[in-house]
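Engineer: Residues per chain are reported as follows:
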Amino acid sequence: MLKKLCKKAFPKALWVYHTNCAACNGCDIEIINVLTPYYDAERFGIKLVGSPRHADVLLVTGGVSRQIAPAVKRLYNATPNPKLVFAIGSCACGGDVFFDSYNMYGAVDKAIPVDYYVPGCPPRPEAILYGVGVALGLLPKKVSKKVKSDFPEFQELDEPMILPKEH
Amino acid sequence: MTTQELFEHLQERFKDKIIKAEIPVADMVMVTIDRDDAAAIVRHLFHDMGGRFVVTVGTDGRELGRDYLIDYVFSFAADHLFVTVRQQIPEKDLWFNSVMTESDLPAVNWAEREIQDLLGIKLQNHPDPRRLVLSDDWPEDLHPLRRDVKHDINPPSFFENKVKMKEPPEGSTVVPIGPFFPVLEEPAYFRLFVEGEEVVGGDYRGFYNHRGIEKIADSQLNYNQVPFLAERICGI
Ligand code: SF4
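Line by line, the protein sequences give chains A and B.
All the letters of the first sequence, read from the start, carry residue numbers 35 to 201 under this note's numbering.
All the letters of the second sequence, read from the start, carry residue numbers 38 to 273 under this note's numbering.
To be clear, the hints were calculated from the coordinates, so they are not data collected in a lab.
Beta carbons are placed, not taken as given, at the ideal position from N, Cα and C, and that holds for glycine.
Treat the hints with care, since some could be wrong.
[Said to hold, decoys possible] The following label-pair restraints were derived from C-beta to C-beta distances:
1. B:101 with A:108: 37 to 47 Å
2. B:117 with A:71: 42 to 52 Å
3. A:133 with B:166: 29 to 39 Å
4. B:232 with A:111: 29 to 39 Å
5. B:222 with A:154: 16 to 26 Å
6. A:154 with B:73: 45 to 55 Å
With the rest of the complex left out, here is chain A (with noise of 0.2 Å):
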């Protein structure tokens, strides 16, 4: 459905919008680096723009805050539909370690709706650009959902297993 609509909406050029909530820059650092000429993330017609008005896609990345989650939903407000929401680092996706801190609200997905995560403290640039990727259709998903029972090997490991004993 979001594939379908992705490929409806955003035919062209994609106009980025970077917002770092409460991250601690690695993250932000590697996205500025897509952008370099070495992985030259304009040849996918990606392009970042100054103002969320502008955007098709947030790159949010680091947890949200409880001091920056009032500004981060009037953000996601700000930008015109249709719109992508990428979670850039592990900060984003689940909290990494300062999850359950006093002062953090959640991860992204607790403020505003996330299409797409892109795990990695901090990913490399390849990872981002390929979550883009999969974002626009260009490429298959890597990890498709797999239940246990794919996996007969791993059955028998249901049982407890019993260690050999020291000697």
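Starting from the known structure of chain A, arrange chain B with the ligand on it as the hints suggest.
Structural biologist: Structure of chain B with the ligand alone, referenced to chain A:
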């Protein structure tokens, strides 16, 4: 200047004010002083002796049988010396005097406000004692860096004491910047007061990405795990 000379100099100069003076390690002099007299010795170290102001630290020492401690650390780089000016704040009577105006040391501004926020030691005689670190919706009487507060405490939002921004001077226009702005590395909120093309003043509200790193390191991790967290303080 050696440690011993500095030690003797300070003891002679502030004879009647120093409660305790000691040399805990070879390159450090530590003087404990009453909170009313701290400004005088800080002024002497900074302005008369040319020490460099390093840091101000607040500590909750109650578990160790001490009171709250506030340390001002100065360094004398040419002599490889440090001086720590320590105040003990009793738990029953939690306040301390700002040394910012009295000893003309603007650099302590944020450090003192941070201690007020995180440890709840009331700041007095400070020109700008607003909240600095904690979020706008944090309740007034909860201070996360105290040892008896849990690291994952999640109080309900309480917007009554939202930080008030400064009023612009007469006749100037306010240009708000932030909290999200393409050239800012992290979220921060600036208000510039401009008259024509000239910036005549400003105000700042930062610490949008306060993540409670000190508290996690202090209460959740052991000594060997802290570097893992420290790598995630800043990625640049
Ligand atoms: S995921 Fe890692 S690199 Fe990215 S903001 Fe969080 S701590 Fe920093």
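Engineer: Does each hint hold? Answer for all of them.
Structural biologist: Each hint, compared with the structure:
Between residue 101 (chain B) and residue 108 (chain A), the C-beta spacing of about 45 Å keeps the proposed range 37 to 47 Å intact. At about 46 Å, the CB distance of residue 117 (chain B) to residue 71 (chain A) agrees with the hint of 42 to 52 Å. Separated by about 32 Å at the C-beta atoms, residue 133 (chain A) and residue 166 (chain B) satisfy the suggested range of 29 to 39 Å. For the pair residue 232 (chain B) and residue 111 (chain A), the supplied restraint of 29 to 39 Å holds, since their beta-carbon distance comes to about 33 Å.
In this structure the supplied range 16 to 26 Å holds for residue 222 (chain B) paired with residue 154 (chain A), their Cβ-Cβ distance being about 20 Å. Checked against the hint of 45 to 55 Å, the pair residue 154 (chain A) and residue 73 (chain B) passes, with Cβ atoms roughly 53 Å apart.
In this structure, every one of the numbered hints holds.
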